[in-house]
Structure formats: structure tokens, C-alpha cells
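**Q** Note that the protein sequences, when read in sequence, are chains R and G.
Position 65 (the first sequence) corresponds to 65 in our numbering; numbering is contiguous.
Position 61 (the second sequence) corresponds to 61 in our numbering; numbering is contiguous.
No lab work stands behind these hints: they were computed from the structure.
Some clues are possibly wrong.
[As the list claims (entries may be wrong)] Simulated pairs of lysine to any residue, SDA-like, Cα-Cα distance not exceeding 25 Å:
1. R/Lys123 x G/Tyr249
2. R/Lys45 x G/Phe69
3. R/Lys123 x G/Asp144
4. R/Lys85 x G/Asn202
5. R/Lys45 x G/His68
[As the list claims (entries may be wrong)] Here's a subset of chain R near chain G, in silico, CB distances under 8 Å, partners left out:
6. Ala34
7. Thr35
8. Ala46
9. His47
10. Gln49
11. Gly52
12. Pro77
13. Val84
14. Lys85
15. Ile86
16. Lys112
17. Arg114
18. Leu115
19. Ala119
20. Lys123
21. Leu126
[Said to hold, decoys possible] Among the chain G residues that face chain R by a calculated CB cut under 8 Å, a handful are:
22. Asp45
23. Pro48
24. Pro57
25. Ala59
26. Asp87
27. Ala96
28. Asn98
29. Pro162
30. Pro173
31. Glu188
32. Gln192
33. Thr232
34. Phe236
Computed from a predicted structure; not experimentally measured.
For each residue, glycine too, the CB sits at the ideal point set by N, CA and C.
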Amino acid sequence: MATQITFDSVQSGQDLPGLDVPITASLIVAGAIATSDYSLVHHDKAHAQAAGTPDIFMNILTSNGLVQRFVGDWAGPAGRIRNVKIRLGAPNFPGDTLKLSGVVKSKEVIGKDRLVEVAVSGKNSLGEHVAGTVRLTLP
Amino acid sequence: MSNAATNDWLTAVKAQIGREALPPQTAVDPVNLPMIRRWCEAMGDRNPLYAEGKLAPPATLFMWTMSHFRPDLSREGGSLLGLDLVDAAGFTSVVATNVEEEYCRDLRCGDVITQRVTLDGISEEKKTGLGVGHFVTFRYEFTDQKGEVIGRTLFRVLKFRPPAKTAAAKKSPVPRPPVTRDSAFFWEGLNQRKLLVRQCGNCGRLHHPPGPMCPECNSLEWRALECSGRGTIHSFVIVHQPQMPGLNYPLPVALIDLEEGARMVANLGEIAPGKVRIGMPVDVDFVEIEKDFVLPVFRERRAG
Numbered sequence: 001m002a003t004q005i006t007f008d009s010v011q012s013g014q015d016l017p018g019l020d021v022p023i024t025a026s027l028i029v030a031g032a033i034a035t036s037d038y039s040l041v042h043h044d045k046a047h048a049q050a051a052g053t054p055d056i057f058m059n060i061l062t063s064n065g066l067v068q069r070f071v072g073d074w075a076g077p078a079g080r081i082r083n084v085k086i087r088l089g090a091p092n093f094p095g096d097t098l099k100l101s102g103v104v105k106s107k108e109v110i111g112k113d114r115l116v117e118v119a120v121s122g123k124n125s126l127g128e129h130v131a132g133t134v135r136l137t138l139p
Numbered sequence: 001m002s003n004a005a006t007n008d009w010l011t012a013v014k015a016q017i018g019r020e021a022l023p024p025q026t027a028v029d030p031v032n033l034p035m036i037r038r039w040c041e042a043m044g045d046r047n048p049l050y051a052e053g054k055l056a057p058p059a060t061l062f063m064w065t066m067s068h069f070r071p072d073l074s075r076e077g078g079s080l081l082g083l084d085l086v087d088a089a090g091f092t093s094v095v096a097t098n099v100e101e102e103y104c105r106d107l108r109c110g111d112v113i114t115q116r117v118t119l120d121g122i123s124e125e126k127k128t129g130l131g132v133g134h135f136v137t138f139r140y141e142f143t144d145q146k147g148e149v150i151g152r153t154l155f156r157v158l159k160f161r162p163p164a165k166t167a168a169a170k171k172s173p174v175p176r177p178p179v180t181r182d183s184a185f186f187w188e189g190l191n192q193r194k195l196l197v198r199q200c201g202n203c204g205r206l207h208h209p210p211g212p213m214c215p216e217c218n219s220l221e222w223r224a225l226e227c228s229g230r231g232t233i234h235s236f237v238i239v240h241q242p243q244m245p246g247l248n249y250p251l252p253v254a255l256i257d258l259e260e261g262a263r264m265v266a267n268l269g270e271i272a273p274g275k276v277r278i279g280m281p282v283d284v285d286f287v288e289i290e291k292d293f294v295l296p297v298f299r300e301r302r303a304g
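The task is simple: from the sequences and hints, build the whole structure.
**A** This is the structure in C-alpha cells:
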């Protein structure tokens, strides 16, 4: 967990420290079960293959969780994510690596909220797995 | 399927837009520390506020009302409104495409979450990289034990017709190059992690892409020269459109001057499109897309 950052220390255009997440079958299954997603394609390889994919793949709630953990690692514990908008693309299969990157798009103060918008992209060897924006408040 | 038949089911789905897509579901368990910890372990999230039970991760909003495991794989409350009609129309496969969440207040241990979901919309038929299908959107609202809204989720899925299980469906998602009698040695070389260029057996000139005859002296004699893989960027483009399935955009494509003197088109790897420069020194790398399908990718030469 990184130290706490503040609204004033953040610059528009600033890059977040990258995060590489090795995608393993264990991570996919742990994420699916932790988020209570028992869909077969997230833990049963034979079923996933019968459904036309080469292997099990990560569920969306885990992708969302990883995006928010990535932004939270940078923001520190007092950062509060207010909303997130993500598009899902290339699936995360075991053996791949999800490379998360982010950049601060804008800062604004609305009332007492000091809001920062971060654009996030997560790529794997097949292409862009996830892309979107996360808005959070900072102290 | 005729247009009339298509319209019938689509009209029926559209007539249900705005309606409740499932009966309201109240979470079996209140927001609780053990489930938060399992979530943090899976995500690798080390936020101490979560581990100490002071806050729940916002991204868990959706999970508290998820159906629990049932051996027969049935789902609490049945399937979402409209999806039965989409399934019956042949669009039986599903992939999530968009999630938008808004968190109205902090989520804390003890909160008891109730979920309400409405069918928000269905697109016309679209051709996608996965197949022909329709995007279906649902809106979820989550309230707490006092009935106050704590968050909202927009969830969009693509319901698509699974591609026929033919050889074509199993093809690599990365488009394969055409292999000719003249170029076969080049692709076979890549499989052995060698960068081979056709060299005239008479005048020694290198020519790439390979052809049947030396463009300099018209000789049909040739040999394969193994190149070092070292070169510089002669020119490049950053491809944004049109996008082909299986490739990663924006896609930098470069014309590489190999140190042996040949010039070749290849992808660039591990470099931000904005950082590509003419004259940049590069080294070849071999990327195995799948068994017996290797592509050369040039990467910026590391100092030293």
C-alpha cells in the first residue's frame, strides 16, 4: 500500500505507477469465488472450452476489482472511489499478464469534494482487456 | 431467419424496457469482514481500512446480492427479463462489455443490501468480433436497510450467436499472413527464431519481401541469409483504423532498415506509439502467437 497522496500534489497528465498482474487459473478462480460468481466459464475449463473459448477467463467483477485496487494502491487509503466506467475487451486467460496503466485526466473541486479523474487501461497479449475512467476524491 | 421473425422477438423485448428484470433481491449476508477479506486477498488489495473492517471496497457493491452456489446451477429469481427471448432467437452466448458504477456513500460492515434491476435497452443487431448479436443493458439500484440508495450499476452484455464450431472458429485471433512458395522459408525461419532474408545467389543482393527472381540481376539462384535482428526505424505509421480483431490498437508498424541492408515491415512491441522515432535503434524479438506461428516484433534497443 503506497503512502497517502493529496489532491494538491496531483498533476493533470501525471502517470500512475504501472501494475502487472500475472493471470493464473488460481487468480481467476479465487476472484470468481470471492465475488460469488459461480458461472462455469470462470472455473470449469472443460465447460469453457465447450463454450468456444480456449480456457477459463476472468469475470468482470474481478476486472473491476483489479482496476479499483490499481487506482487505490496509488491514491492511498483515504482516496474514495466515487464512480467507475469500464469497457471490457480481450479476455484474461491463464498464462497471460494484465498490464494496468493510468493517467490523471482532470481535477476539479465540487462543493467539499476534491475530485480527480483517472483514465485506466489494462492490456494483455490479446489486446485491451479493460479501459475506462475512475473518479475518486482525495484529501 | 426472416426480418419479420427477427422483428417479432425484438419488438417483444423492447416492449419490456423499463420493467423490473428480476424480483428485488436482498443479500443473504450483511456486508461483512470475512467476505471483504476474501475479496481483498483475491484482488491483492492491501488497503488497511478494508482489512480492519472500517470500510468495504466500493467494487464489492455488486457482489453482496449475487446468487449463491447451487449444485444445479439455477439462479435465484430466474434469468433476467428479456434474455430468454434473446436466447430463443439464437443469441445464446454472453459476454459483459460495459460496467458503470456510482457509489453514493461508503459501504460498511452491517449494511444489508437490496438490489433492484430494470431492463434498460436492447440494441439493433450488430456485427462484432465475436459474432452477430445484440447489446442488452440493465440498470441496477442498490439500497440499504433504510431504503436509501447506496449505489447504482449499469451493466451491458453482448448476447451473440456462437460461431459454428468449424476449423475457422478455432483459428488464431491474430490474422495469419499468407505463406507462398517464395516466402515459406521466411516463416519457417521465424518458427526456429531466425530472421532470414532472401539473398541472390548470383549478385548477393538482399531482397525482401522475397520473390522468385532477383530484381537486380534476374537470377533465380538464392540462399537464405540469417540476419542479426539489429536495425533502425526507417519510417513508421501508427494504425488506428481500420481495426482488425486480434490486433492491439493503436498499432505501431515500422519499416526497419536491417544492418545487413534489407528493409522489412514489422510490428513494434512494448513501445508507446508517441515514443516511436525515425532512426531509433531496434532489435528483433520473436513472438509465438501460437504453435508454429511466430511473428517478428522489433523492440527499442536497450542501452548497453
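**Q** Next step is simple, just say for each hint if it's right about the structure.
**A** A quick look at each hint next to the structure:
Annotation: proposed proximity of R/Lys123 to G/Tyr249 holds, straight-line Cα distance about 11 Å (limit 25 Å). At roughly 18 Å between alpha-carbon atoms, R/Lys45 and G/Phe69 fall within 25 Å of each other, so this suggested pair holds. The hinted pair formed by R/Lys123 and G/Asp144 fails the criterion: a straight-line CA distance of about 35 Å is larger than 25 Å. For the suggested pair R/Lys85 and G/Asn202, the alpha carbons sit about 62 Å apart, so the restraint of at most 25 Å is broken.
At roughly 21 Å between alpha-carbon atoms, R/Lys45 and G/His68 fall within 25 Å of each other, so this suggested pair holds. Interface restraint check: R/Ala34 against chain G, minimum CB-CB distance 4 Å, threshold 8 Å, status holds. Against a cut-off of 8 Å between C-beta atoms, the interface hint on R/Thr35 holds, since the closest Cβ of chain G lies about 5 Å away. Restraint check, R/Ala46 versus chain G: the minimum CB separation of about 14 Å is more than 8 Å; hint violated.
The beta carbon of R/His47 is not positioned within 8 Å of any beta carbon in chain G (closest approach about 10 Å), and the interface hint is therefore violated. Nearest Cβ of chain G to the Cβ of R/Gln49: about 11 Å, over the 8 Å cut. The hint is violated. Hint status for R/Gly52 relative to chain G: holds, with the closest Cβ pair at about 5 Å, below 8 Å. The criterion of a C-beta within 8 Å of any C-beta in chain G is met by R/Pro77, whose closest approach is roughly 5 Å, and the hint holds.
With its C-beta approaching chain G no nearer than about 5 Å, R/Val84 sits inside the 8 Å limit, and its interface hint holds. For R/Lys85, the shortest C-beta to C-beta distance to chain G is roughly 4 Å, which falls under 8 Å, so the interface hint holds. Because the smallest distance between the Cβ of R/Ile86 and any Cβ of chain G comes to about 5 Å, under 8 Å, the interface hint for this residue holds. The closest approach between the C-beta of R/Lys112 and any C-beta of chain G is roughly 14 Å, which is over the 8 Å cut-off, so the hint fails.
The interface hint given for R/Arg114 is broken, as the beta carbon of that residue sits about 16 Å from the closest beta carbon of chain G, more than 8 Å. Among the interface hints, the one on R/Leu115 is violated; its C-beta lies about 13 Å from the nearest C-beta in chain G, farther than the 8 Å criterion. At a threshold of 8 Å, the smallest CB-CB gap from R/Ala119 to chain G is about 14 Å, leaving the interface hint violated. Hint status for R/Lys123: holds, given a least beta-carbon distance of 7 Å to chain G, under 8 Å.
Taken as an interface hint, R/Leu126 checks out: its beta carbon lies about 6 Å from the nearest beta carbon of chain G, inside 8 Å. Contact between G/Asp45 and chain R, as hinted, is supported at the beta carbon level, the nearest pair being about 4 Å apart and thus within 8 Å. Checking G/Pro48 against chain R by beta carbon gives a least distance of about 6 Å; that is within 8 Å, so the hint holds. Hint status for G/Pro57: holds, given a least beta-carbon distance of 7 Å to chain R, under 8 Å.
For G/Ala59, the interface hint holds, the least distance from its beta-carbon to any beta-carbon of chain R being 4 Å, beneath 8 Å. Hint on G/Asp87 is violated. Least Cβ distance to chain R is approximately 14 Å, over the 8 Å limit. Annotation: interface hint on G/Ala96 holds; nearest CB of chain R at approximately 4 Å, less than 8 Å. Restraint check, G/Asn98 versus chain R: the minimum CB separation of about 5 Å is within 8 Å; hint holds.
Interface hint status for G/Pro162: upheld, as the beta-carbon distance to the closest one in chain R is roughly 5 Å, under 8 Å. Interface restraint check for G/Pro173: the shortest CB-CB distance to chain R comes to about 6 Å, inside 8 Å, so the restraint holds. With a least beta-carbon distance of about 23 Å to chain R, the hint placing G/Glu188 at the interface is violated under the 8 Å criterion. For G/Gln192, the shortest C-beta to C-beta distance to chain R is roughly 21 Å, which exceeds 8 Å, and the interface hint is violated.
Taken as an interface hint, G/Thr232 does not check out: its beta carbon lies about 26 Å from the nearest beta carbon of chain R, beyond 8 Å. For G/Phe236, the suggested interface contact is broken, since its CB lies about 20 Å from the closest CB of chain R, more than 8 Å.
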